[in-house]
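**Student:** Chains A and B supply the protein sequences, listed in that same order. For the first sequence, our numbering gives the first residue as 1, with consecutive numbering after it. For the second sequence, our numbering gives the first residue as 1, with consecutive numbering after it.
What the hints contain is simulated information worked out from the structure, not anything from laboratory work. Treat the hints loosely; a few may be bogus.
Pairs involving identical chains hold if they fit within one copy or between any two copies, as the list cannot separate such chains.
As the list claims (entries may be wrong) - Straight line, CA to CA, 25 angstroms or less: simulated SDA-like cross-link-like pairs of lysine to any residue:
(1) 100 to 155
(2) 148 to 204
(3) 148 to 187
(4) 201 to 125
(5) 139 to 187
(6) 139 to 184
(7) 30 to 204
(8) 30 to 152
(9) 148 to 67
(10) 148 to 72
There are 2 protein chains.
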Amino acid sequence: MAAVNDHQDIKREKILEASYQRFLHYGYSKTTMNEIAGDLSMSKALLYYYFPDKSQLYIAVMRKIAGDYLTVLEENINAFTNLKDAFVFQINVHHDFIVKNYNFFDFFRLNEQNLPDTIWEIVGQVHSAELSLLSNAVKTEVSRGTIKPVDNPDELVDLLLDALHGIRVGAVSQKKTSFPRKEHLEEIHTKKLLLIDIFIKGLMY
Amino acid sequence: MAAVNDHQDIKREKILEASYQRFLHYGYSKTTMNEIAGDLSMSKALLYYYFPDKSQLYIAVMRKIAGDYLTVLEENINAFTNLKDAFVFQINVHHDFIVKNYNFFDFFRLNEQNLPDTIWEIVGQVHSAELSLLSNAVKTEVSRGTIKPVDNPDELVDLLLDALHGIRVGAVSQKKTSFPRKEHLEEIHTKKLLLIDIFIKGLMY
DNA sequence: CTTTTGATAATTTTGTTAAAAAAGTCAGGA
DNA sequence: TCCTGACTTTTTTAACAAAATTATCAAAAG
C-alpha cells in the first residue's frame, strides 16, 4: 500500500516537474497536455488519471513552487541578527522568485481579474506565511530593544510588503517595459534597500 | 485675429469637454466620433477640423485633466507648514483624481503595453511635476530643521511615490476586485497615512 | 485492483468571410 | 475660415466551418 502511494507520488512529482518546465518556458496557454505527456513519454490520458484537469495541474505546480519559496524563507529568516538583514533577505528571495518564474505567471496576467479561487487561496497562504515570518522578525527586533514597540506587527509588515511591491511595479511600468531588464534589477534593488533603510529608521527610537 | 483664435479655443474647449464626458462614462473604445459630434450638435467632420484623429483628441483631453490635477497640487502644496500635511494632501488629491477618472483610463488598461509615446510623455510630465513639487516640500522641511538633510530629494520622493502606488495596487489586487470599493478607499487611505508617518519618522533626526 | 492507453467525444481556439459600424477624407457651401 | 453631407477606408462584429485542444471512457496491461 505504502509502496503504491510512493510510486504514485513519484509519478505525480515527475508530472509536476515536466509541467513546470513547460509552463515556465511557454506559459499556460501555449503548453498543451499533449506536450507535457510527450515530454514524459506517457499518454495524455494518464495525466488526467493523476490530475482532474489542466488548471488543477497548473495550480498543483504553483502550490509546489510556492512551497519551495516559503521553505527557503523559513529556513533562513531567523538566522539574521537584525531586522534590516532579514528584510533584505526577504526582498532578494522574493525578487529572485518572481524573476525566475516570470513566464510561469502569465496565467495571472492572462486571466487578470477572474482567477480561480484556489489560486487566490495559495496567494493568500504565501502572503500570510510571509507576514508571519517577517512579523516575528519585527517582534524579535522589538525585544532586542532597537526599535520602538509596534502596535500591530502584521499590519506593519503588510504595509511594507505593499510598498515594496510598488517599487517593483513602478520601476517596471514607468519604463514601459513589461519585464525588468538586468539594468532595472539593480535599480529596483537599490530602491528597495533605500526604502527598507528609511522604513526601519522610522521604527527606531 | 485674436477674436478668431478665441473662438477656435472656445470651440476646442467645448469639444474637449464633451469628449471628456463620453470617455469618462463609456471609455475610449465605446465612444464614437459621431456621438461626440452629436452631443455638440456638430458634424463629425468638424471634429477632424479641430483634431487630427480620435487618439489625438483623447490625448488632448488627458493633457487637460492632467493639467487641472497639477494646478490643484501646485496651488495648495506650499500652503502646508509641515511635510506630512503636504504629503497627505498629495495623496488625497491623487487618489481622488484616479477614482474620479477611473473609466477614462480604460484606454490604458486596454492598450496595456503599447501606448502611444505622447501618452507616456504626459505621464512623464505629470510625474516630474509631482516630483518637483514634493521635492521642494522636502527641501523646505529640511531647511526648517525638522528632518535630516537629504542627499537626493528627487530620488527620495520618487521612492515614496512608488511605495504609495504599491499601497493602492496591493490593496486592490489582493481583494481580487478591479476597482476599489468604498470600504477599501478607507483602508487604502489609512495605510497610506501610516506609511507616510513611518517614512517621515525615518527622515527625522 | 491499479495503472495505462488508443479511440473518441466535447469544448475551445483559430481562420474565413461578409455585413455593419466606425474612422477618416474631401469637394464644395456659407 | 468654419462647416457639412456624402464618400472612402479601416476596423469591428457575427456567423460559421475547420483545426486544435481539452477531457472522457471502455478496455488492455501489469
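**Student:** Does each hint fit the structure? Answer for all of them.
**Tutor:** Hint-by-hint comparison with the structure:
| no. | hint | verdict |
| --- | --- | --- |
| 1 | 100 to 155 | neither (28 angstroms within a copy, 28 angstroms between copies) |
| 2 | 148 to 204 | both (6 angstroms within a copy, 15 angstroms between copies) |
| 3 | 148 to 187 | between (30 angstroms within a copy, 24 angstroms between copies) |
| 4 | 201 to 125 | neither (29 angstroms within a copy, 32 angstroms between copies) |
| 5 | 139 to 187 | between (30 angstroms within a copy, 24 angstroms between copies) |
| 6 | 139 to 184 | neither (33 angstroms within a copy, 27 angstroms between copies) |
| 7 | 30 to 204 | neither (50 angstroms within a copy, 52 angstroms between copies) |
| 8 | 30 to 152 | neither (44 angstroms within a copy, 45 angstroms between copies) |
| 9 | 148 to 67 | neither (33 angstroms within a copy, 42 angstroms between copies) |
| 10 | 148 to 72 | neither (28 angstroms within a copy, 37 angstroms between copies) |
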